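All chains, please: the whole structure from these sequences, using the hints.
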Amino acid sequence: MIDHLIKGTVEYGGKIPGVSFDQSSPPTDEERMRAWEVGHPDYLGADAYSNIQKAIDHALE
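In case it helps, my numbering puts the sequence shown at residues 1 to 61.
These are calculated hints, taken from the structure and not from any lab test.
Watch out, some of these pointers could steer you wrong.
To be verified - Computed beta-carbon distance windows for the label pairs:
#1 24 with 60: 30 to 38 Å
#2 53 with 26: 15 to 23 Å
#3 59 with 37: 16 to 24 Å
#4 24 with 57: 27 to 35 Å
#5 33 with 58: 15 to 23 Å
Quantities reported herein were computed from a predicted structural model and do not represent experimental measurements.
Glycine included, C-beta positions come from ideal geometry on N, C-alpha and C.
In structure tokens:
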């Protein structure tokens, strides 16, 4: 069962309904928001924990 889920995830790739990423430019704020809404945040880029923590720390200053 897990193999099937992993295979489905790999086949799904990064296809997010309503969001297309052009590799030559970073995603817009709207594209990032849509990705979050469907459960696909960019954990290795702008949505990485360290960046989120910096934003929280800045907001609390």
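Okay, the hints, checked on the actual structure:
Judged by the Cβ atoms, the range 30 to 38 Å given for residue 24 and residue 60 holds: they are separated by roughly 36 Å. Against the hinted window of 15 to 23 Å, the Cβ-Cβ separation of residue 53 and residue 26 comes to about 20 Å, which satisfies the hint. Separated by about 21 Å at the C-beta atoms, residue 59 and residue 37 satisfy the suggested range of 16 to 24 Å. Evaluation of the 27 to 35 Å hint for residue 24 and residue 57 yields a pass: the beta carbon distance comes to about 32 Å.
Checked against the hint of 15 to 23 Å, the pair residue 33 and residue 58 passes, with Cβ atoms roughly 19 Å apart.
This entry satisfies every hint, going by the numbered hints stated previously.
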